[in-house]
Amino acid sequence: VNGNGVLSFARAMQRFFNIAFPLDDPVISPLYTHVDTRASGTVYWRETDSAEILARTGGLVRSAFKDAAEFVPTHVFLATWLDVGYYNQRKDKMNTYQVAISSNCTHSFVELLYPENGIQWIQGESHPNGLPDAKAQAGFMSEGKMYTLRGSGTDQIQNVDKWSNVNRPGQWLFQIGPIDEGGNVETPDSIEDTMTMHQAASCRTGATTCHSKATCIEYEIGFCCTCKQGYFGNGRSCQPNDVPLRVIGRVSGDINGIEFPSRDLQCYVQTQDGRTYTALSRMPEEIGASFLLLGNLGFVIGWLFAKSIKDTENGYELTGGLFNHTADLVFPSTGDKVTIRSNYLGLDVFGQLKMEANIKGTVPYLDPDTMVDYSDYDELYTRAQPGVIRTQSERTCKLSHNGNEREIAYTQEQIITYQECPYAIFDPEDDTTRLKFSRGLTSYEAPEGIVRFAVNTKITPLEEEDPCIQGQETCGIHSSCVVEGDSFKCVCHTGYQYLYDMDGSAVCVDVNECTAGNHMCSPNAQCINQEGSHLCHCRHGFTGDGRVCERLPSCEDTRCGAYERCTMIDGAPTCTCMSGFEKTDQGCSSVQHVTCNEEDNCSPYAFCSFEKDRKNHVCICMPGYVGDGYTCYAESDVTTTDAPPQPQCVLDMCWCPDGWYFHNNACVRREEGYPSTTDYDERDLSCNVMNRCHPYAQCIYMTNTGEYECRCSQGYEGDGYMECTKTEVSCFEVDHCDPNASCQSDEPVPKCVCNPGYQGDGTLCQPIDECTEDSDCRKNERCTLHPSSSRYECTCKPKYTQVGDECVLTDCSINPSECHENAQCTPVGDDKYKCVCLSGYHGDGIGQCVQDHIGCNVVNNCGRNAVCAYDNQSHANYVCMCQPGYYGDGFTCYPQFSCMDDPSLCSPDATCVSVGENIFACVCNDGYTGDGANCKRRPKHEANFLLVNQGMATHRIPFIPTQQNPGYPIYIAYTQMAIALDIDCFDGKAYSSDITGNRIVQLSYNGSISETFIPKVSSPEGLSVDWVSRNIFWTDSGKTTVEVASLLTKKRKVLVSDGLVNPRGIAVHPYRGKIFWSDWNRASPKLEWANEDGTDRAIFLQGDYVKLPNSLSIDWSTDELCWADAGTFTISCVEIDSKEVSVVANELTYPFGLAISQNYYYWTDWKTHKIEVCMKSTGEKRTPLSVPPGGSGKLYGIVVVPESCPSATNVCQYDNGRCSKDQLCLPDGQAGRTCVCADDATGPCTDSRYQ
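Quick note: the sequence shown uses the UniProt record's numbering, first residue 1, plus one each step.
Think of the hints as simulated: they come from the structure by calculation, not from any bench.
Quick caveat, the model's predicted, so the values are computed rather than measured.
Treat the hints with caution; some may be incorrect.
[Claimed, not checked] Derived CB-CB ranges, DEER-like:
| # | residue 1 | residue 2 | range |
| --- | --- | --- | --- |
| 1 | E723 | D1137 | 22 to 32 Å |
| 2 | T74 | L131 | 43 to 53 Å |
| 3 | Q766 | L131 | 24 to 34 Å |
| 4 | D1137 | P1015 | 32 to 42 Å |
[What the hints assert, rightly or not] In the EDC-like style, the derived pairs of lysine to aspartate or glutamate whose C-alpha atoms are separated by at most 16 Å in a straight line are:
| # | residue 1 | residue 2 |
| --- | --- | --- |
| 5 | K1051 | E1203 |
| 6 | K145 | D311 |
| 7 | K751 | D776 |
| 8 | K436 | E379 |
| 9 | K989 | D1247 |
| 10 | K307 | E220 |
| 11 | K436 | D242 |
| 12 | K936 | D909 |
| 13 | K307 | D273 |
Every residue, glycine too, gets a C-beta built ideally from N, C-alpha and C.
All chains should be modelled from the sequences, with the hints used to inform the complete structure.
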């Protein structure tokens, strides 16, 4: 008797196997589901020979089976599942059912019993392998035999308490032995079906055939099922709107004489957009490319889930996923014909649509690298008769191979047959619908043999007006109208972009690809802008088409031999012997012929001269000639690298190579006095051609003059070219002062002035440190970081207490908390007290008290830079000893030499700082990264935009989107469901949770890098990064935990595992050392908080302001905790110390994610499907931000990417707080830290806490 609703006869099956029937072993299954009795339910079983039960069972069997008239049971075995809950510890719905096995030792019967409303759930909540739990299954199986109850594995199984095979609702009877060879369980043969016999079809008798999310509709004769609002389907099968689903199946066949066995087909469907992604694996290479002509195989799924326009029904709304499809494709030009026969079998136990297909025939042969483009097209689908749809079309697709293009035509005829409701009334005008295909993509990946089809589809009424018929009139010059859903939009032609004028109107203007940086020119080419395009011309010394430029051969690239020099002859580099040398087989050798004073052997263009260095006469070429004197070339035939190059000119624009400038139609060396670095006179060029604008200005198209002008950006003033200065704005008019500043009158404009104790420009004020090192403080004081003010202050040293204005030596009688938790304060005479370890412990009583009887050879509890060694002088035998170069008690070891003693240990770009316990370390300065000994400048990360999760995509959206830059998805994974989102502002990384992949993903800000960072999570709905201590925290609603992992080692720790119902949002406060999270418990919603190490957990806020709290976020400018609440429909903030609540945005529809910038609140809304925006200073709501295409479903987590991290430090900031590699450094909320052992530590480990 197994807990998951099954009786097994070969072995125990206590674990739930998430698979479809049949199971491997012989079983009787009244209801095989993911039962979890930890929260609710009990399983009972017993065997009985009670006369009452035997009589009842025997009477039922004898009345139901003709051959059982003499059956008298001798015993009955009973197994009962009473009020059992479902995984994971859920009890809001419970199931009750029973099995009774009766036998007389020769014949056996099974009775399955389901009380009224006994089946309340049919699936567990989640499953670790990412698939949803299989829907409940009921039946029998053994040795290749299987029998399942009506509705098993489907939504209908929840009606098993209303159905029966013995005319008693909820009662089922079967004979299970003996069974003839090849036979199966037997059903009653002496029972007439009186439950529906002689009764007209109506909702009263047939409503249970409808899906649980459908409504039964009565007609004059009979009834039909219709899906409820928020769902789509044919009423017998209903799917939630806008939720992705999968199609899986097998495809086999024979194409072009090549037979292939069953191959896997998988399709991912975005029902919200009507887009399908279909892939077939391991297709034979001989037909792989040709298979791309069979797009119909994937496009029929497009018909099934097409986006509905004006309530036109798609394929799933007609068939519910149960239909047969036949397609005949004929290619007239080659005479090829192929037939595709598909059977769609409905949803499996996991909610996936199953299909199988067979393909036979021939198709035109395509070369392996051929690309197939179907372009956009329409098809008409006609309901020819009840349950039959036909469509015929003539299509053409484009083929591309090695730069050559051609078209191939084909005809296709399709027939779709399905079971429609016989009582429904159909309007003849709806018999024909139009299916629109767009954005079709095909590919064949030869190495893996994968064929891919992707397409967008929407289904419309037959007569649909093109929105662009009238919309084109609103589009201006250089733009076109395109259909967008049921509407239209104007888009600029290629090479043009929208530019918004002062009055808000937009015109399409030329994009200067050369200055915008989106040209395709080679780095060795000159880019020349043209209206709507650009040209590329290779620079002097290079050759090519401008997109690829190769260097021409030159003397710079030529290495000559000894006594040779390079000269350009007829445009080619040539090595010739120097004067006085001649070419020989061994290279250039001294001239051996008679000297020219003895024999006239010089070139006609040379003269004989005495050379003092050689003490001989040599031939020297005359002026205007070059050579070795014996052979001379005219300079007009020779070009050396020193000669001025010729300028290149195109379209009246001339330029010269690097190092030269164009002047008076010639190229002149720059060092000859020309000051400009530009190859042409740029003073008269428009800023659209050459950006001459000030860095704080933009090149704007002026519609009144038709020209481009430089205009200073908003907040700056000047001529736009030479000067743009920041506009002084009175802080009386606009409150832009820091919270720690005040607005004070000043001439000529009132300015922000930092308050006493702070420094800055007034718009940003930082605390002024009271000290920078211990020498700045008075006697018995030290310089330490105060976590609440984030400034360095003078505080009393350990063992000292503030008395008046002085720090005086105290003992534990005044401050008992200074003793270790395993120590007590004990008098030691002379009215003095001391911390002494308890019996069984030894240590200094303050920092350490360890057990006496357990040596470090048993518990590896030695500190960092210590070893466990045998000590002959100690009764403990094995003790912890500091390694050479360190001193201490073996649990805390201090370096004997540090940067405090030798500052040269640090990099010039690092500072020697205290990292606790009298330990000093080299830490790279702000703006640098490294280990302190070696520091390099930290790269500046991209900033000033939003990241937002939407199902399968993570989007990047600018603060102010434009039509040119509306944002884009940086990461798309069709199998993921991305929910939570946060960033590591220090390292420039984003972290996103994928609840279907059970993982946390690490992303770069542009999506170029994406990898699984934390695997094996369940359902992380909230993420938050402590960028200071280098840890990431998350809530897991599947495991009902709060957990943490190191960003450096990925070591993990569960912090909270009890008392949670549905944890969702989480926020970390690094310098307070606190974490906050929301619990979305409808019965008792609340915000909780704890220290980062999990200690001091408490309810932070509960009551009228907290109803359905979703995401949390910290407002760093006000030090407030804010949250989005879908119960109060508000964004609220609470001051952390006073807990005073203020509502910053109300009357919202359904807020989920929340992010906060310096000036705005941003939140995602499940109802508006947009990013809502509200000003922090006034509460005014701004225009919502739209999300770019690419995602699926609702908007979830959102985060602001700022230019720099908020100013914060904590005790875990440096070197993991000196914790070991198996420990996480977690601030304890009291200016101390806890070195917490990870749950996945690789060796012995004990927690340590340091103040």
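message = Tell me the numbers of any earlier hints that the structure contravenes, in ascending order.
response = 1, 3, 5, 6, 7, 9, 10, 11
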